[in-house]
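Given the coordinates of chain A, work out where chain B should sit on it, guided by the hints.
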Amino acid sequence: MSVAIIDYGSGNLHSAAKAFERAARSFENPDKVIVTRDPDAVFRADRIVLPGVGAFADCRKGLDSVDGMIEAMTEAVRVKARPFFGICVGMQLMATHGKENVTTDGLNWIGGDVEKIAPRDESLKIPHMGWNTLDVVREHPVLERLPLGPKGRHAYFVHSYHLNATNEADVLARADYGGPVTAMVGKDTAIGTQFHPEKSQRFGLALIANFLKWKP
Amino acid sequence: MILFPAIDLKNGQCVRLEQGDMARATVFNLDPAAQAQSFAAQGFEYLHVVDLDGAFAGKPMNAQAVEAMLKVIKMPVQLGGGIRDLATVEAWLAKGITRVIIGTAAVRDPAFVKEAAAKFPGRVAVGLDARDGKVAVEGWAETSTVTALEIAQRFEDAGVAAIIFTDIARDGLLKGLNLEATIALADSISIPVIASGGLASIEDIKAMLSPRAKKLAGAIAGRALYDGRVDPAAALELIRSARGV
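These protein sequence lines map, in sequence, to chains A and B. Counting along the first sequence from 1, when you hit position 191 you're at 191 in the working numbering, and nothing is skipped either side. Counting along the second sequence from 1, when you hit position 100 you're at 100 in the working numbering, and nothing is skipped either side.
No wet-lab data here; the hints were simulated from the structure. Some clues are possibly wrong.
Unchecked claim - Subject to a maximum C-alpha distance of 30 Å in a straight line, what follows is the list of computed BS3-like cross-link-like pairs (lysine-lysine):
1. A:K215 / B:K59
2. A:K187 / B:K95
3. B:K114 / A:K213
4. B:K114 / A:K215
5. A:K99 / A:K61
6. A:K187 / A:K99
7. B:K95 / B:K114
8. A:K213 / B:K134
9. B:K119 / A:K213
10. B:K114 / A:K187
11. B:K95 / B:K71
12. A:K215 / B:K119
13. B:K59 / A:K187
14. A:K215 / B:K134
15. A:K187 / B:K134
16. A:K187 / B:K71
17. B:K114 / A:K32
18. A:K99 / B:K59
Stated by the list, open to error - Simulated restraints, written as ranges between beta carbons of each label pair:
19. B:A118 / A:R25: 26 to 36 Å
20. B:K74 / A:S65: 22 to 32 Å
21. A:T166 / B:G96: 23 to 33 Å
22. A:E139 / B:A94: 17 to 27 Å
23. A:A169 / B:P76: 29 to 39 Å
Keep in mind it's a predicted model, so treat the numbers as computed, not measured. All C-beta atoms, glycine included, are put in the ideal place defined by N, C-alpha and C.
Next comes chain A alone, as it looks inside the complex (with noise of 0.2 Å):
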């Protein structure tokens, strides 16, 4: 099996490489990970993960820039049913929309805008950077065995923006950032985290080995 990371210049694919590698060292046949800028090696794999770092209308640039991999990243996941995971700006892609600075299209893979976080307390800065725990919205085979909620590890986040969803339906976890913070969502095969799992140890590892476990 393999998990391609998708390079298209926006994302910081080496700690998630090494994320991915790692987890995948804890099982019996580890998946291959590959970092790729191919579209026909992303149309291929068994899995698809989306980094990104950065303002979302780049993110889209880069993605566009690449020939072909939009297309062949939707034919993956939305027609092979290919599991796909979307770190942090690679999970806003997933929106209808992002609404940082300019209004950019999304893949339109979850209904809802990528909007800039609002906390009600003044002195939460943005942008909201440190660790937080998750409030399960849904349960998911990716959330399987991890300690979430209030007592349960806390995940490591970077980001101004987060991914409004319109469907309730759509949101696997919140995270409490002076206010509902998107931390998690998935719809049919696809998954996407706004915090950075490669940087969230042990807990970060636990949930990237369940993805990898994940047969949708």
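Below, chain B without anything else, positioned relative to chain A:
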């Protein structure tokens, strides 16, 4: 084989589309319940219903019309369009639908189909729409490079009752069923396959009854029944005599 008369619902009315295009809908009957009753009176034994608005919206949109039909007929009904979660499957089955047809979700969310089929064995069918053998999703607005067979194979041994294989290029155009592609699919999987799209004349019924089509479980007839190209009595008589009863 079973000949399924089709009722496509749009805004509470019975319509037929051409090649799945919502803009090319012809209203055939304002009263779906009356249409269902008329099919029952003609001797059909299993009704095929599609909630077209539901297919586009991703959730049931013509529930009232469906319930009105269920009230007035006794024959089993299979229903598709906008069925994308287990709660919707359960609700329809509880309302008296014999089997639900899952389309887009069967492509995007195979785990859901497997779960539904395991929970309701024999009551979940998969609708696969193809253009040149390649699967199309989301109310047919998008086509892919993935073959219908590839998707169908996911559901082998999952307890899926049938695969309804529609050739979009022919649907509503009365060019005849795409039997070659449908038989090829039926020969490659163990799930019963129902042919759909383009049934135009009694010749299609005869072809369905020929030995090479013996693996096909049935065919869906739409426009040809509404405009009189296929005489229900003659078609049903042909099928009955082929059954040898």
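May I ask which of the numbered hints given earlier this structure violates, with the numbers listed in increasing order? Hints 16, 20 are the ones this structure does not satisfy, whereas the remaining hints hold.
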